[in-house]
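Trainee: Sequence:
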Amino acid sequence: MERRLKEESTVQPGGCQFPAIFNFGDSNSDTGNVAATFYQVPRPYGETFFGKPSGRNSDGRLIIDFIALKLGFPYLRAHLDGIGANFRHGANFAAGGSTVRPASGSLCIRSRLPRPEDFSRALYIIDSGQNDLHASLATMTRDKVRAFSSRYSRSVCCDHTENLLPGSRGGADKNGCVKSFNEMAQEFNKQLKDRVFKLRTQLQDAVITYVDIYSAKYSLISQAEKHGFANPLDYCCGSEVHYSTTCGRIETVNGSEVYGASCIPNRAVFAATPCEFPAIFNFGDSNSDTGGLSAAFGQAGPPNGESYFHGPAGRYSDGRLVIDFIAESLGLPYLSAFLDAVGSNFTHGANFATAGSTIRPQNTTLHQSGFSPISLNVQFYEFNDFHRRSQIVRNKGGVFRELLPKAEDFSHALYTFDIGQNDLTAGYFLNMSTDQVRAYIPDVLDQFNTIIKDIYDQGGRSFWIHNTGPVGCLPYVMDRLLITAGQVDMVGCASPFNEVAQYFNHRLKEAVVQLRKDLPLAAITYVDVYSVKYSLISQANKHGPRSYPPTIANNLAASQKNFCHLS
1 MERRLKEEST
11 VQPGGCQFPA
21 IFNFGDSNSD
31 TGNVAATFYQ
41 VPRPYGETFF
51 GKPSGRNSDG
61 RLIIDFIALK
71 LGFPYLRAHL
81 DGIGANFRHG
91 ANFAAGGSTV
101 RPASGSLCIR
111 SRLPRPEDFS
121 RALYIIDSGQ
131 NDLHASLATM
141 TRDKVRAFSS
151 RYSRSVCCDH
161 TENLLPGSRG
171 GADKNGCVKS
181 FNEMAQEFNK
191 QLKDRVFKLR
201 TQLQDAVITY
211 VDIYSAKYSL
221 ISQAEKHGFA
231 NPLDYCCGSE
241 VHYSTTCGRI
251 ETVNGSEVYG
261 ASCIPNRAVF
271 AATPCEFPAI
281 FNFGDSNSDT
291 GGLSAAFGQA
301 GPPNGESYFH
311 GPAGRYSDGR
321 LVIDFIAESL
331 GLPYLSAFLD
341 AVGSNFTHGA
351 NFATAGSTIR
361 PQNTTLHQSG
371 FSPISLNVQF
381 YEFNDFHRRS
391 QIVRNKGGVF
401 RELLPKAEDF
411 SHALYTFDIG
421 QNDLTAGYFL
431 NMSTDQVRAY
441 IPDVLDQFNT
451 IIKDIYDQGG
461 RSFWIHNTGP
471 VGCLPYVMDR
481 LLITAGQVDM
491 VGCASPFNEV
501 AQYFNHRLKE
511 AVVQLRKDLP
521 LAAITYVDVY
531 SVKYSLISQA
541 NKHGPRSYPP
551 TIANNLAASQ
561 KNFCHLS
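Mapping of the sequence shown onto full-length UniProt numbering: position 29 corresponds to residue 29, and the numbering continues sequentially without gaps.
It is possible that some hints are incorrect.
Claimed, not checked - Derived PhoX-like pairs (lysine-lysine); straight-line CA-CA distance at most 25 Å:
(1) K193 <-> K226
(2) K198 <-> K179
(3) K396 <-> K52
(4) K190 <-> K174
(5) K193 <-> K217
(6) K70 <-> K179
(7) K509 <-> K542
(8) K406 <-> K453
(9) K217 <-> K174
(10) K190 <-> K179
(11) K174 <-> K198
(12) K406 <-> K396
(13) K517 <-> K542
(14) K509 <-> K453
(15) K533 <-> K509
No wet-lab data here; the hints were simulated from the structure.
Between the sequences and the hints, there should be enough to build the whole structure, so can you do that?
Mentor: Following this line, the structure appears as structure tokens:
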């Protein structure tokens with residue numbers, strides 16, 4: 001496929017001298033965003049050209065790579081990949097699986113960032129749309145898909161969606177593709193082309209190029225032997241029984257069994273002076289998010305950040321968070337969010353927390369529920385990837401040695417956790433009873449224990465674990481869930497929800513006791529955040545803040561339209 005694209009590339013550099021490229025799309029052009037956020041795509045991805053996984057859902061390069069090469073640029077770095085990134089010539093915002101419509105089911109040195117004038121002169125590339133069709137085909141008739149594609153294609157340009165290939169059944173054409181689905185893709189492309197013509201009229205200062213990717217990709221399949229493939233469908237990564245390779249499993253490739261497994265963890269134990277940690281690695285939700293959700297989904301706007309940072313700082317707070325004060329007390333700088341690649345410094349650790357995160361993955365989207373897709377297991381995948389890749393990049397020397405932690409810092413570091421309250425509120429928001437919420441808490445804590453043990457296996461030895469706060473005092477809980485006057489305590493908090501939080505904390509404390517037995521070389525500190533937070537509310541005047549009854553707090557939160565529903 002690479003050879004074909006090299007020979008027939010229509011990109012001509014004459015007169016097209018762009019200072020940067022900004023790309024938007026899905027797996028057709030994702031160079032590492034999903035890999036940085038959730039997990040590195042395994043082998044055989046990346047083997048043909050890069051010799052190893054490279055963040056691309058391909059064994060070689062993508063069209064966006066060839067465009068960059070043709071323009072004399074390095075390959076585009078993923079916006080969410082902060083390890084060794086260079087955005088001097090643009091950034092890639094594409095993520096595998098992305099849709100056009102939301103689906104319902106110190107590197108800051110000048111030489112490494114684009115100049116202000118580059119944004120208006122840059123080439124903007126969009127390759128997205130196929131997942132909108134694929135997602136809808138799973139739940140809609142073809143006529144319904146045609147109807148909605150007409151609505152949302154108003155906002156799309158400019159790469160044509162391709163043939164819908166393996167993963168579907170029935171009605172195959174002579175090349176093995178599902179004919180009815182390809183007809184749907186062609187209908188999408190026809191309407192997209194019409195929209196591009198209209199955009200050219202409406203945006204007269206813009207140069208908009210419509211690229212027929214469908215024809216190029218279908219040619220690779222229909223004329224497979226001409227392009228070097230004996231049978232293209234036998235090399236697809238799919239779940240159907242008649243395709244030979246299944247993603248993420250051991251398969252035979254060119255006569256050899258391959259599988260992208262993790263490295264053997266380093267179990268070395270290092271003796272550190274008490275409370276002298278060279279780094280902090282934090283996991284959690286909005287109680288400790290210093291910019292993860294903002295980097296991935298948009299900056300937390302004012303009044304967040306106003307009191308201390310005097311502007312949005314990625315925190316869902318007007319000042320600093322507990323994790324900021326922990327860093328200060330250890331003489332370390334504030335933690336950079338792992339997903340924030342712009343100007344981040346990971347020398348002294350990284351923050352994997354995102355607002356709205358849960359311990360158990362939630363079967364929903366951020367748009368539907370407000371809960372982050374970056375649950376605790378995903379945060380661990382990010383850490384695992386960071387642990388490995390940071391050392392590869394650091395060994396390149398130069399500025400990278402000053403921006404990434406040393407190998408031994410991972411075993412000397414402090415690992416902090418503040419997560420769990422969203423797991424409790426998630427159940428209530430699904431109309432579960434208190435008994436039902438209590439019933440799934442053991443499973444939540446089992447998953448939490450697994451992550452602690454996984455980090456221990458990678459050399460982590462010092463753990464700082466916060467219990468959950470009084471969720472019955474949260475304004476968004478009081479506002480969204482039905483409570484009676486008799487269920488409100490003298491402070492103004494909902495007693496049933498606080499009792500569930502206390503039960504969670506009781507079971508968490510038991511889990512910590514067991515972890516100390518299971519992990520004899522670990523130092524695990526259980527921190528009673530519940531008591532501290534409840535004291536701030538019940539003795540508000542003593543601690544300085546004015547005391548607002550919850551009903552007033554609800555109205556304030558609603559009028560300010562903050563993300564107070566994310567924790």
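Trainee: All the hints need checking, so say for each whether the structure fits it.
Mentor: Structure-based check of each hint:
| no. | hint | result |
| --- | --- | --- |
| 1 | K193 <-> K226 | violated, 29 Å |
| 2 | K198 <-> K179 | violated, 29 Å |
| 3 | K396 <-> K52 | holds, 17 Å |
| 4 | K190 <-> K174 | holds, 23 Å |
| 5 | K193 <-> K217 | holds, 18 Å |
| 6 | K70 <-> K179 | violated, 34 Å |
| 7 | K509 <-> K542 | violated, 29 Å |
| 8 | K406 <-> K453 | holds, 22 Å |
| 9 | K217 <-> K174 | holds, 16 Å |
| 10 | K190 <-> K179 | holds, 16 Å |
| 11 | K174 <-> K198 | violated, 36 Å |
| 12 | K406 <-> K396 | holds, 13 Å |
| 13 | K517 <-> K542 | violated, 40 Å |
| 14 | K509 <-> K453 | holds, 16 Å |
| 15 | K533 <-> K509 | holds, 18 Å |
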